[in-house]
Structure formats: structure tokens, C-alpha cells
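Just so you know, the sequences run in chain order Y, S, W and X.
Quick note on the numbering used here: the first sequence kicks off at 1356 and runs consecutively.
Quick note on the numbering used here: the second sequence kicks off at 1356 and runs consecutively.
Quick note on the numbering used here: the third sequence kicks off at 1356 and runs consecutively.
Quick note on the numbering used here: the fourth sequence kicks off at 1356 and runs consecutively.
Keep in mind the hints are simulated off the structure, nothing from the lab.
The reader is advised that the hints may include incorrect statements.
[Unchecked claim] With a straight-line cut-off of 20 Å between C-alpha atoms, the simulated EDC-like cross-links for lysine to aspartate or glutamate are: (1) W/K1574 <-> Y/E1484; (2) Y/K1574 <-> W/D1520; (3) Y/K1574 <-> Y/D1656; (4) X/K1574 <-> X/E1697.
There are 4 protein chains.
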Amino acid sequence: MSMYRFTNDYSEAAHPDVLAALTATNLEGNFGYGLDGYCERAAACIRELCAAPDADVHFLVGGTQTNLTAVAAFLRPHEAVIAASTGHVCVHETGAIEATGHKCIAVACENGKLTPDDVRNVCAAHPDEHMVKPRLVYVSNTTEIGTVYTKEELEGLRAVCDELDLYLYLDGARLGSAIAAGGPDFAELARLCDAFYIGGTKNGALFGEALVILNDALKPDFRWIVKQHGGMLAKGWLLGVQFDTLLRDGLYLELARHANEQAQRLRSGIGMLGYAFACDSPSNQQFPILPDSVLEQLEGDFHWEVIGHPAPGMTEIRLVTSWATSPAAVSAFLRRLRELTEQA
Amino acid sequence: MSMYRFTNDYSEAAHPDVLAALTATNLEGNFGYGLDGYCERAAACIRELCAAPDADVHFLVGGTQTNLTAVAAFLRPHEAVIAASTGHVCVHETGAIEATGHKCIAVACENGKLTPDDVRNVCAAHPDEHMVKPRLVYVSNTTEIGTVYTKEELEGLRAVCDELDLYLYLDGARLGSAIAAGGPDFAELARLCDAFYIGGTKNGALFGEALVILNDALKPDFRWIVKQHGGMLAKGWLLGVQFDTLLRDGLYLELARHANEQAQRLRSGIGMLGYAFACDSPSNQQFPILPDSVLEQLEGDFHWEVIGHPAPGMTEIRLVTSWATSPAAVSAFLRRLRELTEQA
Amino acid sequence: MSMYRFTNDYSEAAHPDVLAALTATNLEGNFGYGLDGYCERAAACIRELCAAPDADVHFLVGGTQTNLTAVAAFLRPHEAVIAASTGHVCVHETGAIEATGHKCIAVACENGKLTPDDVRNVCAAHPDEHMVKPRLVYVSNTTEIGTVYTKEELEGLRAVCDELDLYLYLDGARLGSAIAAGGPDFAELARLCDAFYIGGTKNGALFGEALVILNDALKPDFRWIVKQHGGMLAKGWLLGVQFDTLLRDGLYLELARHANEQAQRLRSGIGMLGYAFACDSPSNQQFPILPDSVLEQLEGDFHWEVIGHPAPGMTEIRLVTSWATSPAAVSAFLRRLRELTEQA
Amino acid sequence: MSMYRFTNDYSEAAHPDVLAALTATNLEGNFGYGLDGYCERAAACIRELCAAPDADVHFLVGGTQTNLTAVAAFLRPHEAVIAASTGHVCVHETGAIEATGHKCIAVACENGKLTPDDVRNVCAAHPDEHMVKPRLVYVSNTTEIGTVYTKEELEGLRAVCDELDLYLYLDGARLGSAIAAGGPDFAELARLCDAFYIGGTKNGALFGEALVILNDALKPDFRWIVKQHGGMLAKGWLLGVQFDTLLRDGLYLELARHANEQAQRLRSGIGMLGYAFACDSPSNQQFPILPDSVLEQLEGDFHWEVIGHPAPGMTEIRLVTSWATSPAAVSAFLRRLRELTEQA
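This is chain Y alone, in the form it adopts within the complex (with noise of 0.2 Å):
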């Protein structure tokens, strides 16, 4: 087999589902900007996943737009955002939120997650006008490092919020990763968050995030903040089609389970080998530490990021499986690895 990437989870384009139904509407007329029927029923099925009749939902390109359009549109611009030192929004969005004019409080976390503590520390120490407001927790599940929120830890995050008067936003990049490996569902995450979205690009879409608003407060003017920030797509119908596809009967999750079980192979294939991981990721991201000498070889016919040395000789990458990771090619790593550490 030519060389697999476990580089992350949008090295493929689209589902063949979802491409179908894009080539089945291709020459049709619809209407721009989002105002066509494939996005209302989009948007019905959403709001009947989330239990959520009144949720106002807005497709987005991609997640780093989704965040700063939210953000922008939330926030007041003396209030800040809080957030793990290791979310998106900290530190791999180039300063997006910044440039909306908000700081982004960095909590430093283990296991990537925030606690209500953290919420209250940080707070505490921002008592009055000379420094920024504290106001929208945000948390991504699956997180950066691949753990995921449990509905009690999300129940805990909402009751800190409700008590400091602060919303509560999910960044959904990697949703259907962390529904499926147990995480809170659409409707349990539409009764515990403020906003939240839920990503197609890196789970079967050729791009898109959908964006639920569940709070009163936040709905209003939200496209002209869209449309202000460049993220009005002119063909928005092509978002529609897509979650419409996704999660009319289910193949977001199906898709999301696939991801997890060829993440789950790769650990525990690893783990048996002897090998450590940098944490303990029931999702489609997966943290080992390898030797140096057994990358060098694995090299050619894989590829991955590199995350850090957390030791001399050893390197902690990250594997990313996908709707799109063929059982194959995680047999062959597998494989391979066993080869090269027992050579070793």
C-alpha cells in the first residue's frame, strides 16, 4: 500500500453519501446565503436531535471561523474568554479571538479539561475594571489532547456558570468523536450549553460546522456577525446538503464509531507492544510515545504529526484516524511496529 496518513482527520475530501447528495443538487437553482431549504432541514433535524425546538442554528465553513464569529457576536469587548491553555482558541486559531478584540484567559489543565474550580480561580482573580471580564467558558469535546467531557463534568462547567453569570460554549470540531466514545449527545449538550457546534469537516463533510444557539440572549443579529467576518458562504446550500446527509439517519455517528474503533486498535495494539501514551484518549486521537529509532523506520509508509521529546530518544505523536481510515491501514502499522520493536 502506497503511504497512510494518521496525520489528522481531514486528509480526505467528502463521504461518498455526502458527495453523492452534492453531485444530486449540483444544477439545481437555490437561493444564497443559507436561505434555502436544504439548511431549514438541516436545521429542523438538528433541533430535533438536540430537543431543542426554539435552537437557532447558522452553518459555518470552518471552525476557527465558527469560534471567532461566536465569540464576536457573545461577547462585549471587555469580556474575555477562559479556556484550558491547551484549546484551540489559545493557541491555534493565530490569535483569531484576539483579533476580535477578546482575551482568551489561558487555564493551564490536565487532561485538557477545565474544571469548575479553574472557572472560579479565574474569576476570583479578576475582580474589577482594570482587567477583563470573565464570561464564556469555552471546552472542546473531544478535547485537543483526546479526552472527553463526561455529562457530569459538563453539568459541573453549566452550574459554575449558572452561579458567575458566565456562558458556557463547546467547540464541536470533534464531536461525533466524543458522542460516540460516551460524551454528552446533541440533547444533552443543547441543555447544558449556551452555544455549541457540531463539526463536519473533520467527520464526513468536505467543510462545515453547525453552530447551535440555545440561549435567548445570544440569537440576535448573529448573521450580519457572519456575514461581517466573511464566513456567509454564497452557495450556503451546499452546507445544508451536507449535514442534512450527516444526520437525517445517523451516519454522523456511524462515521464518529468507525474513527473510534480504528483509534481504540491503534492503542491497544501499541499499548501491548509496551509502549506508553502521553494521555489517556478514548477518541479517534491517540498520543503515543515511540522510540526515535522506530519512527525513523516507520517513516516512509506513515505519516503523523509530531507532538513533542518528552524523553531522550522518544517522541510523542499524535495518530488520527477518521471515518476515512481504512481497518488496512491500521493492521499494516500495527504490523510494522511489531516488526520494528521486536528487531529492536
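Please build the complex by placing chains S, W and X on the supplied structure of chain Y, with the hints as guidance.
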């Protein structure tokens, strides 16, 4: 036939060749964020068409996004954009330019086109630090009202920009139509502009705009600004594949010629019935002024945008054609208009 | 006498009473950031003058700072300011409003004054999410060209603001002069505006503007926005001491009356010599149109600002008076102008 | 004696010599916006003290304003500030830096001081366009916790800035105290920094900070940015007069020496009673840790800021001295503390 939309040039998705190319590459693994071979190939093709071997080429998803990213990247905070008051950045981008912190100085223009004297007057009126510093001249080709800058007109703007140390930026959302209507071609634009973009969304692509940066001073770190504004598409090769298909063998201009031809059929057919036009457009947007009584009867079969009411009982509408406009739809419109006109 | 400046109304520092109050309190220890007894006292005095016991009062250093802070605090990102094209925020603040992310919609107005119809037209032209949402009507009293809104005119603007859900904000950089010229007084302004500021810099203070917020919706967290924009003066009591001195016993309006009287002496004296004015100003700014030959000979003794050249050989200048303008300087100017006119 | 404030170094207004100079010039007519002879003279004096004949000098009203204006002027949108997590820009400016669109990367530091290794680590962690680009190293002297960068330490930072193409910017809100405590003097700072400011507000002025720009690349159009952020004082000569008075004959350092001496008296007196300090400060801020029982009894007579509670029953407070701190107040504090300590 069912209702036909002359509403805009983005009612249909992708030209079949573009969709075929996306389908063919759908399950390939590719590097993300535009660092793939298709983007490279499309960029090389653009450099060749532009006779600009050193140009930087960036692929973005939409036009507003491209404009705001360029302005954010090119200007210092106190520097401003000069644009015709009909310019897309002035009105139809929900203050996207201002949201990056920059003022947009609107100039009332005839025919939607800025002249060197307009530019000189704006600069003369902004002499010192109590006012913004005009720095970037924004033009669109075609303009928002369908007119087309000639080579001589752009040369005049280039000269005044050189004289006053300004950048010349061209919004090419409808660049295909402008070139097909006799406007400056890629190589001429590359010689005259500091940067310009080639619009895909309105001419055969699912989505996508290709920004070409000629001025070396504007090149550094552009990808940082793209990412910061949420414009970096994870599956960037989707853009490369599309532009490669459109530009490699001339499909792009072929589609634009088709759109213009259908627009000119509308123009001459409507004109022969004795109706006037709000402006003299050689491109794919036509702005006839028709009696309300006639429009009411056309309404069920055709769709357009209302621009205004220049006289009692008369409405200025916009009719837009595209690569997807069938000659039969144009014929049907003209036939029905003739019937209604004769009945009146 | 040495050269006299009619250049502006901030050529001298503080009225002697204000300086005396600053001197008297110089070595007291006071709490910082405006949380002192003087600010409290001055705010109480303003609330009383305004008959607005619930008004919030904030003291800032300068006018541009006050305007940009108010707009940043009051508007959501996609909301825009409507202002006369001569409005200070449109032209003479180096894009300060845009630097907070907001568009300033400029309206060409007669006499520098917005009308309800102007406001209605702007709103009608911005109907949906592809455009900014007009939200705040900015007026200045006196206007930038010396004219004064009457109570009836402001009532008309208030009505249209109520009708269209807009805020009415009044820039009072020269509010003393406006009130002394018969414009609405403090209590009327408090009844009609959502917020307005009382300008100190141009009427007796070393520096300082007092922002009065009437609309409860605009009050929360204003001090955060002040601090964020660098407008929170460490020794905030300096502002309280000055406004207390100016407003407690009527000094503020007394100074403004003096300025207006000297301006009207200029106006009638210049008018009697047969010269025209660019506009009909009852306030402390006068805009006569004088022959270049005459101005050349006045130049060594007097100073003014050049506005433009309405006709060959003629120049429109701005003459500004203040609390510090001596009647003798006005007499000297008029005497010299008469001599030069008679010689010509 | 009445209550004495050790709360901060801006509880009193201006040093009598500064007030006298303001009084003497009060009724002069001067050009506005810092284009007057006093600003010119003060700038010349600063250039001489800095041995930097080509330096640009700008006078601003406050420290937050100066920092945000400098960052807005110096950085492109994706460029970020590196600062100690205790740095004023990180915490105590209500997100002013972020409000200009720039991220502030906070580094946990010992003694409030950044090291070259801190800077190198931040840059290594921000390698590509998915992250902000660190560009400006922010240090304060004295630091926010009273420590002082030595010449050697700043030379180390200069070297790493040269190596990594970063700007070195020094916040001199308490620069007098730093220099008086043996920190690098004006000429050394001018040699080592790209820009720094000389703080007036906390050392004898009513208000005012003098920004010195050494790096030619950072000079263009700075006044535009000042105006855009509302930082251009109409009566700019007020700043020139004050800095001229403070710097011309050495008053500035004389006042700082007095403040430091009183702080050292506090330090040694408190230390001799057996109390510990949170850090080792040679400057005008001292951070003793005192028993709550003692503080309760001091409270009526003295005022300070509470920093934290490092142990049960113990509180870390901040005592600040200034040019206005009387030796008698220090003696009174020490006497009372000794009494309370002995009683305990």
C-alpha cells in the same frame, strides 16, 4: 419550464467539469491548509497566465473574506480604503473592512468607476494626522453595476497610485465577465495592480477566490492573516482542484463568455422592446427599468433582484446570467416580456 | 499687542478659577481612577443640572476618546453610527470609530445638521444582514460648522430614534456655546438623548469631558471600556475638581456666553464691512469669506484656520473665540480689517 | 496626622515645581496637539539625556494608553506581545492590547522578569501560521513587583531580540525609581530598546508619559495612531511643560531617589521587626507579609493595597512611596508597627 433565477450568478453549484475533478480526487489523502499539489499546480497556472513568476497566490473561500483579509494584511491601522460608494466593500459586506479597524472612504462615482481625480481629491482632503491616511484604492471589475474598467482607466489609476504612494487592489468577484467583455486580462492586471483576485464562486466553482499578490511589500506572512480571520480551509486542496480545472485549459473564460452572451441577448431583446437601462453594461449583469405591471406578471416564472424605483410605476431590476444560464431561459424571458409588452 | 489666536478654543490652558481649585487640592491624597469625592460631587451636580438622578456620569480626558469609548461600549460589532458628513467622528478622529470596528455612515447635510428624514433614509438603505445595522445617531451641538440644533430639531431626532430603535448620542465638545446660543439645556438634553457629553476642554478646563448616560441599557460596565481604551485617568480627581468648579455656580455657561458674545461681535463687524459667511452661526465659531489680499496683511497679527477657497482670490477662514478671548483682541481684528478693507 | 496613603504613587497631584510651571504658562496662547515649543524643548531634552539625537519623542497622557498605542503602531495584526504574566499589559489593562487585536503571551516568571530563555521558549512554541507570531518583548522597569532589570539583563534580552527579530519595548511607568535603584539610565535604555517610555504620572507630573522611539522602522505615522486611539491631548503643551520641568535639571531623578529612600526605610524598618517580604525590591514598592491582627490596627491611620494571603492569618500588602511621601509618615508607620508588634 420551472421558475428561472436571474437573481444572481451563484444559484447553481459547480460546473460539471469542476464537480468531476472534485469527485475524482475525493478519497485521495492530501496535506491540509493549501499545502498540497493541487494548490501548487493551480498557483503555477495563475502565475503563468499573469506572466508573473514571483506572484504569491492564495486561495480563499469567499469574496468578502478575501477583501477583508487583504485589507487587514496590507494596511496599518490608520490607513484607509478609497472606493466607489457603490463598491462592495462600502456597502454589502456588513462593515467587514471597518471590523478590521479600517475606514472605507466612499466616493460618489458615475458608472461605479473611480477616476484618478477622485483619488486625488480624497487624498487632498486627508492631509494630516487628524484624519485617516488613504492608502489602498479598491476597484472591482466588473463593477457592482456591471460596468467594466478599460486598460486605459486602470493605467490611469495605477499612475495616480504611484504618484501618491497608494496600493491598487482589484476585486475580481466577476473578473471572468470583465475580461470576456474586453477588460484587462490576467497579465495586464498583474502589471497594473498590487493585488487582485480571480473570482471562482460566480464563475464555475463551488466556491473559491484566488488572490494574486504582486507587490513584494504585501507578501510577508499573508497566511497568518488568512488563518487569523478564519479563512484557511482545512481541506485546502478543494480550492486548488477547482482553480486548476477552471484555469488550466481556458474553461474559466469560456464560461464567462457564455454568461456575457446571454446577458447581451437579454440587453438587446429588452432594449428592442423600448425599455431603458439604468446603466450601460457590457457584462453579465443588466439593470433594465420595467413597468411594475409587467413585472407582476413575470414574477411567477422568473426571479430577479429589485434595485429601486426610479419613477412612479417603474422598477429597476437586476438580471444576472452565469455559466449555468440556459439560452432557453433567456429566450423564454424575452418571449414573455414581448407578450406582456404587446398586451399593455 | 502680540499675535492673537482665533485658531481654536483650546489655545489657553485653564480658567483661573479652575487652576486655583487644582492648586488648592494639589497635595491632598485622593483615591485614583475617579473614585474620589470630587468626581462624586461633580457627578451629583451634573445629575442635578440634568434633572436626572439616575444618570451615570463618567469623566474622560478628551473628546475623541469619549466618542470612541461610548461607541465601543454602546454598540454591537455590526452596528453603525449615522452622522453628518461634517461630523467630527466622520472626519477628524483619524478613524477612531472604525478602529473600534464600527462603520460611520456619513450623510451629506445642510448646515451640518442631521434631519429625521436623513436618518430614515439611511435605515431604509440598510435593510438586511449584508449591510451594517444603523444604531446610533451622532450629532454635535454646536455642530462642527457652528450651527446649533434647536430643541425642536432634537425632539424630531428623538422621535425617529424611538421609531427605529436607535440611540441618540450628542457630542458636546462645544456644548456651552450651544446652550448659551439658545440650544437645549442640560435637562432637555438629558430628556432627549441616550447619552451626551459636556465638553470641558474648549470651555475653561485644562482638559476633560463629562459623559452623561441616561439610557439604562447603556450603563453596565462602562468603566471597563474606559480602561480598555486607555481613558481612565490615574489622578481622576483632576477631572472632578475641574467640573465641580465649572458647573457648581454657573461658571461654565458664563464662559460660553462670553465666547459667543465675542464671536457675535466678530460676525456683525465683519458683516458690516460687506463680507459674507459660509454659514449662519450663532455660536463661537465664525466662517467668514475674505479676500486673500486682506488676509495676507492680517496674517502677522492674527491667527486662524483656513477652511477652503470658495472663489478665486477668496478664502473661507474659521475664527474661534473662547472664554479667554479678550474684547480688545476682537476690536483690534475688526479695526485692522476695516482699515484693510477701506484701503482696498 | 491624618490617614496616610501608601496605596500608590499617584495619590497626590503634581510636584510644586511642575504646578508652578503650569501656572506660569496658563494664559499663554499655544498651538495644540503637541506642536508647541514646550513639547519641542522637552523632546530635545529627552534626546540629549538619551544621547539619541534621532529619537522620536511623543507625549501621552497615561500608561495604558501609551502601551496600547505603541503596540497598535508597531505590530502587524498577527504579531504578538511576550510579557511576564505579572506584566501590566497582561492583567491590569482590561485587555487593552487585545482590544487592538493583538495577543499577549504571558510567561510565568520569577521576580517578574523575563529572561532570554523565556523569550526563546515562546518563539520555539510558535513556529508557523497556525499560531500568532511573537514580535515584541514587553518589560517594565521597575517591574510590577518592584524588582529592577539590570543593564546586563536588558543586554541579554536585546541580544535575543536581535537573534529572533523581535522588538524590545520597555514600560517605564516607574522608570525614575528603576534608574534611581541602579537600573539602566536613559542613554543605556536608548541603546538597548526599540522604544521605551518615561513615566511622569507616578513621579511628579499631574499626568503624562514620554514615549521614546529609537528604531526607525517604528517611527512612521505614529501621531496618526495616537490620534486614532484618542490619545492626542488638545492642549498638548501641558505635557511639554511638565516634562521640561521634570527633566531639564534633574528633578525627575531627585524625586525618584526620595521615593526609593523612603521605601528602603520602610523595608529595613519592617525587616528589623522580623517580618518577611514577598520579594526583594530595591525600589519604591515594598511587599511585606504582615499578621492580620496587626494590619487591623494599622488600618485607620494608613492605607495600602492587599495583594494576597500567603498563609493563614498573614496578608501580603503593597506599600508604595513617592516624591510626596513625607519621612514623617514613614516614621509614623514604623513606630506604630513596632508598638503593635511588641504588644503581640
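Here is how each hint holds up against the structure:
With a CA separation close to 14 Å, the supplied pair W/K1574 and Y/E1484 stays within the 20 Å bound. Under the criterion of a C-alpha separation no larger than 20 Å, the hint pairing Y/K1574 with W/D1520 is consistent with the structure, at around 18 Å. Distance hint between Y/K1574 and Y/D1656 is unfulfilled; the C-alpha atoms sit about 48 Å from each other, more than 20 Å. For a cut-off of 20 Å, the pair hint linking X/K1574 to X/E1697 is broken: about 58 Å separates their Cα positions.
The structure fails to meet hints 3, 4 from the earlier list, while all remaining hints are met.
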